[in-house]
Amino acid sequence: MPVDARARPGLDLADLPPADELGAQMHALLAELFPIHRSITGEGLRRTAAVLSRDLPLEVVETPSGTQLFDWVVPREWNLREAWLAAPDGRRVADTARSSLHVLAYSVPTRERLRLDALRPHLFSLPDQPDLIPFRTSYHDDNWGFCLEHRVLESLPEGEYEAVVDATLEPGSMTSAELTIPGASDREILLTGYWCHPSLANDNLSGVVLLATLARLLLGRPLHYTYRFLWSPGTLGPLAWLERNRDRLDRVDGGIVAACVGDAGPLTYKRSRQGTSRLDRAVERALSDGGHPHSVRDFVPWGGDERQFCSPGFDLPVGCLMRTPNMEYPEYHTSADDLELVRPAQLAGSLRAYLDAIDVLETDVVYRSTSPHGEPQLGKRGLYRAISAGAPRPEEVGARAIQWVLNLADGRHSLLDMADRSGVPFAALREAAWKLADAGLLVEEEAA
Amino acid sequence: MPVDARARPGLDLADLPPADELGAQMHALLAELFPIHRSITGEGLRRTAAVLSRDLPLEVVETPSGTQLFDWVVPREWNLREAWLAAPDGRRVADTARSSLHVLAYSVPTRERLRLDALRPHLFSLPDQPDLIPFRTSYHDDNWGFCLEHRVLESLPEGEYEAVVDATLEPGSMTSAELTIPGASDREILLTGYWCHPSLANDNLSGVVLLATLARLLLGRPLHYTYRFLWSPGTLGPLAWLERNRDRLDRVDGGIVAACVGDAGPLTYKRSRQGTSRLDRAVERALSDGGHPHSVRDFVPWGGDERQFCSPGFDLPVGCLMRTPNMEYPEYHTSADDLELVRPAQLAGSLRAYLDAIDVLETDVVYRSTSPHGEPQLGKRGLYRAISAGAPRPEEVGARAIQWVLNLADGRHSLLDMADRSGVPFAALREAAWKLADAGLLVEEEAA
Amino acid sequence: MPVDARARPGLDLADLPPADELGAQMHALLAELFPIHRSITGEGLRRTAAVLSRDLPLEVVETPSGTQLFDWVVPREWNLREAWLAAPDGRRVADTARSSLHVLAYSVPTRERLRLDALRPHLFSLPDQPDLIPFRTSYHDDNWGFCLEHRVLESLPEGEYEAVVDATLEPGSMTSAELTIPGASDREILLTGYWCHPSLANDNLSGVVLLATLARLLLGRPLHYTYRFLWSPGTLGPLAWLERNRDRLDRVDGGIVAACVGDAGPLTYKRSRQGTSRLDRAVERALSDGGHPHSVRDFVPWGGDERQFCSPGFDLPVGCLMRTPNMEYPEYHTSADDLELVRPAQLAGSLRAYLDAIDVLETDVVYRSTSPHGEPQLGKRGLYRAISAGAPRPEEVGARAIQWVLNLADGRHSLLDMADRSGVPFAALREAAWKLADAGLLVEEEAA
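Protein chains in written order, with our numbering: chain A, 47 to 494; chain B, 47 to 494; chain C, 47 to 494.
Restraint-style ranges between C-beta atoms, simulated for each label pair:
(1) Gly428/A <-> Asp463/C: 50 to 56 Å
(2) Arg431/A <-> Arg294/B: 34 to 40 Å
(3) Glu208/B <-> Gly428/A: 31 to 37 Å
(4) Gly428/A <-> Arg290/B: 27 to 33 Å
(5) Asp484/C <-> Pro176/A: 36 to 42 Å
No wet-lab data here; the hints were simulated from the structure. All residues carry an ideal CB built from backbone N, CA and C; glycine is no exception.
Next up, chain A with everything else stripped away, as it sits in the complex:
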């Protein structure tokens, strides 16, 4: 059934605040969230949710410890008061009061005096980056430890040390936050980020902040798709979401995982396992047409939460739009992934790429010509110059777009298909399609 061709208006990005203003807002929010101690469970997540809730009607979802999530079980809740390691002279060589990275995440409660030899298996450092503290975790094995600068580790004197992990590891729950922004369609796009890392700025706070800002900008706009936002602990959070939504995953037309979106690198789009879904193609088209410096890579089964969405039992078209991928920048999972690494302009640029991709997705319609036999007479509809001097020249993008859209409006080509075949930018084709629809020459094919 044909529907109003303007029923899907796309995002009007003309009313967007200036990029520098958005970047500054995003960085300020990131700086506010940075000091909070987060892990895959615990009060840090709830405090993070409370900050985000100031601007967004979040739903906070708690999944109790012990809940079976496919092959996994939600662990006990970990809450850290403090952790420190005192040298024989009493000097604290590691102390979570200085950096939340100093403790091996999920360390069991410990209060022990031990000699350096016995201590060593509990100490983690980066020999190649001796001035940085690494981020290390032991979520599923009972262990404790400290992460510290290799330079410090090397200088530790013999003697008796005091190791204190003042934490609780008890039945509780794992905290996620969700937000659904309804659109005209019940087809869903998933926008998701992991928020389980402690004081690391690019991986993954930048993604948390980007999603919050994106949600704020989408709220209240007329939308085609229904957007489902998820902030959750890595791996287990998506699994809990997938478990809760198991009987309605057929509504999901695609998704993007946000992380590492604030560093100085160009954008990187990592395709979903499917690789050529509408979601994948919309992101790639938006990056190309938008002039965003970027590269595209195929799916690999390591990285972030796309691993869960793209596991063979789900195989959802969920890609990852980031800047420098994790593992590939030297500050990754170290104390150098800090507020300096993340730049306001890069945050704003990443946000714009997300908006551009959504704008394409929102309006990627399959059209059918109402006048498919021969070319329609454009002149009498004011869609062609009155004095003809031949075909439109290459620089007449609008006129060429009109001809492409009419030629490909056979009910089988969406605007993305047309953009691929014609080489004409998506936005020009869309503009042409809207004009033609206004003139009664196109109808929107159902489906899409």
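On the provided structure of chain A, position chains B and C as indicated by the hints.
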């Protein structure tokens, strides 16, 4: 049902007149047609048809003004007696007695005295090519005007001008000419050119002349396909043909639009919208195998009459075989597209490319081996040398062609498919197939 | 029905004798077989079979003269006692006592005195390689002749010559040898070589020897596929095999023709007509992963016995794994294709490539994850490091292989498919699959 493998003999091009003789004939015909004033209707078309009818049993088809052709309506018939523009001093700065391009095509009858300011909107020139007269039209909007050299336009003095368009614009009809050359099969190949331009030589008289010469050479030959020739005004002519043939378009296996076939450039094949039809592949193969300097480009929805045949409601495999495409040579739609621009040798070369393509089409048969289990014993049939020294060497094209044809004669490969897979020229494969068929080793598969 | 994931263990190549030992054995066997006079029929084939039978339980198959094999007929049996050509001075300028190549193969019995002029049509030489004796045959036309060095031919004086071919050409049979090594499956892999050439070492004795050694190494091993070895005269031998097995060819999953495997060149894999069968992909993967210097080429319908298996009526996925293809090395079909041309190390390297390909084929299983929803928790199964620092690094091939196998174990990807998509070596993926299967995370999908 197997049929005689020699039932489709192809064109025997050995009896073709020499290229220089053909080129001279074609150019002479073009020179004869050049001065006739043509537009999308009018006596000029009938006079052109009369010239072509000397050699060809043309059927002249008239479509009355007011006839609805899909989204279009056939306009009133335009007949020009004369049109001129006199400067204040009486000098005629534009005059169709000098060039049929001087009048805006389809100008309404006018006899007016007006000052330069009022005249200006009715004057058209080419600032970048100040010595050339442009070709401009206003078929569907009531208007009048003159086209003149920009150099002249710039030198026009103030004062009162006299503008005269002595023409009729009245109910009449639009004139096309058709010719059907029947073949053994009722499958049809369409060969079409637009003939609506006034004194322009390459675009489009060269195509008119090429088709006339091609038709003359095909008449009386044994043919497989039925060839349908059409000379008609651009856009409306094809639409009228499509309307008349609407219930039998499923017979059309492909077509070629001829225009711009006489300039100095190499050949250009513009694929049909389908892009990989048998017609497309035959043309491309003929150009490659025939050693014609050429390039191939994908379909775009602007250009010539292929736009109508390739509209989504018809989507016929109609390509365009030309030299320099319209819009891409500087003389296009100007007074410089004249008898000098079109060269006899180029006309003859284009004709040869058309003949080569038809020769491939005519004989692109799907074969089936009668001895598909293992290789047949060629030696006992005189198809292999008696003293064996190993496989045929690269230079033994005929022997390799025999082996390829036998190997691929599984009822699924046509000779074009075999040429694509083997890299062996089409003609060598065809020769091999004919030898094998004569030896009883191949039969023609129906279909094709 | 899932089956034991280790049911197909692959070849354990760790217990293989050292390459130099294998090479020496192979060359010694080749040297033993070299002097035997072979043709497409005759005692030479039976003597060759007797030598191979020392190590292998061969079945010798005789096909009587006159048997119809599709388009061919088994000729009379040819047995040569001696053939020589004496010059006017009595000097024997060609003599099969010196080289079996000196006689035109299948020469009819002859004892004639004739002058040089009359003799010339019966003499064959290589003007471009004047010191070599060519190999020429006349299997299907009654003829006789001598092959000799062009240098000798050119120096022959006028006078009367004596030409003696002391041979019998009488009803008998054509001799092939077969060996079937049964595997768990009744799906078959065919390994075949032609053995009809006289004293030519690379083409084709090297293939005969390679297959014999390969069979010896496979005998007694647990195998998935059933391997069917065939040594037979070129063209007619495969046709006889195809005729005998006509009603069970649907069991054949692929095959390889062995010839020209001992020269100094790199390996060449000539794909089957199908081109992308499992057999083709396994060979190509084995060559790449195994670091064998090699090239791959598409099927052409000339070469060796693959021509029969790949004829359109059979179209079996039979490729050819060789070193320098026939026709492409200067010693081909001349007296220079001798024991010096074939090198022990090259024979052993070729054998290894065959074993590697079979090893891939044997274990190319389609797997299905038992825990497809999200990633399974590898840590609790000891398949992932306890202290997490992020995704596996590029050098952690085993960890990446595990993630790829899990992600692609959707019941549609075989290990070859996984290797193609992931870029991870087949053996690493297989090792990962076995570990995962041992942990209960994978089952083997039927089929394959």
